[in-house]
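Protein chains in written order, with the numbering used here: chain A, 76 to 179; chain B, 55 to 358.
Calculated from the structure, these hints are not laboratory results. Accuracy of the hints is not assured; some may be wrong.
[Said to hold, decoys possible] Residues from chain A that face chain B, not an exhaustive set, calculated with beta carbons under 10 Å:
#1 R111
#2 S142
#3 G155
These numbers come from a predicted model, not from an experiment. C-beta: ideal position from N, C-alpha, C; glycine also.
Residues per chain, in single letters:
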Amino acid sequence: MSPGHTTPRTRRPVSIDGTREELVELAVIARQAGVRVTLVRRYVEFGLFEPASGTSQRPLFAPSTASRLAKAERLRRDLGLNYAGAVLACELLDRIRELEDRTH
Amino acid sequence: MAVEFKDYYEVLGVPRDASQDDIRRAYRKLAREYHPDLNQESDAEERFKELGEAYEVLSDAEKRERYDRLGAQWRAQERAPGGGDFEDFFDRQGYGGDVRFEFGDGDFSDFFGRLFGDGAGMRTSGPLRGLDREALLELSLEDAIAGGRRRLTLDGGRSLDVNFPAGVREGQLIRLAGRGAPGRDGGPPGDLYLRVRLKPHSTFRRQGDDLDVDLSVAPWEAALGATVPVPTLTGTARVKVPAGSSSGRRLRLRGRGLPKQGGGHGDLHAIVKITVPKHPSDQERELLEKLAEVSDFDPRKSRA
């Protein structure tokens with residue numbers, strides 16, 4: 076994995092009404108994941124995801140971010156990982172999924 | 055409903071005299087194996103929950119002692135004549151009655167509630183969104199083009215009516231917000247993703263966004279040219295078969311295929327398939343014989 080390649084391949088889902096989903100703010104990610112804003116910031120620090128656009132004052136994230144954060148956090152809490160370990164696990168899971176998709 | 059006895063030692067695969075270290079090691083190993091974010095099997099979530107419950111009890115000296123004591127009594131009673139189930143046992147011991155054990159999804163079993171009461175829940179670490187789930191949405195090509203409504207049966211037997219938009223593609227993910235697993239400690243639920251799979255069609259063969267369909271034509275139509283009807287996903291179109299078309303010639307009907315990512319449609323290819331009358335009439339046979347006589351065409355010789 077090349078340096079800086081920390082953004083997961085985002086699957087662009089279409090919601091049930093068929094519209095593309097909008098980028099979301101930090102506070103919305105926190106609400107969607109059920110966690111505090113500080114935890115979202117911490118995972119940004121650890122490189123779980125990066126802002127898709129926006130300014131450093133008001134970064135915007137892909138709509139799949141909350142679900143990715145919750146996955147990392149479940150793994151961290153349930154398996155006794157630290158933040159770096161949880162991020163690593165998520166990245167490896169992404170790569171497995173990519174490989175599986177490629178072989179189908 | 056009868057409360058079933060749970061053998062927590064068996065769940066963790068450790069002997070009854072296992073040390074705290076053994077129990078922790080066994081739990082960590084199995085937790086990595088069955089964590090529903092790591093294991094896609096449909097029973098992983100249930101299994102992981104069971105592991106958490108077993109570990110909650112056996113890793114806590116007080117709970118473990120209580121479980122060991124009551125479990126031994128229960129087994130002794132089970133062997134006795136007329137022994138009932140665990141619930142009878144509790145009622146007789148006077149543990150029943152005021153203990154409420156209504157657990158929501160994501161919590162511990164009735165057995166656990168019966169043994170330790172409602173208050174003794176999981177050690178919590180704050181609200182967190184639940185797992186996303188994925189289900190297959192199998193559609194015919196016609197349905198995928200037209201959109202519509204479908205009843206899905208999810209893992210665990212729940213069923214759900216979903217409306218899907220017109221023009222969905224193979225492999226596309228459709229998100230149903232909040233239809234995944236329930237959140238923890240009051241966190242929001244995960245989402246449900248429907249992965250579209252297009253079923254094979256008896257008439258049309260799918261090649262990505264394009265479709266192939268066989269087009270039967272009579273030898274004279276193929277030789278002389280004709281305009282003939284061809285089935286499409288939305289009805290019937292007419293296609294011009296140019297004079298001198300042999301079997302296998304692909305006639306393109308632009309935009310009559312499946313929806314493409316980012317808009318537009320693939321193409322429909324009508325593939326010429328020369329079909330002869332099985333039982334020609336006398337007159338047909340006469341004309342064909344005459345044709346055979348006068349023609350010097352040799353289809354097995356490549357002609358420049």
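Hints, one by one, checked against the model:
1. R111: holds (8 Å)
2. S142: Where the cut-off is 10 Å and the nearest Cβ of chain B is about 5 Å from S142(A), the hint holds.
3. G155: holds (7 Å)
Checked against the numbered hints given earlier, this structure breaks none of them.
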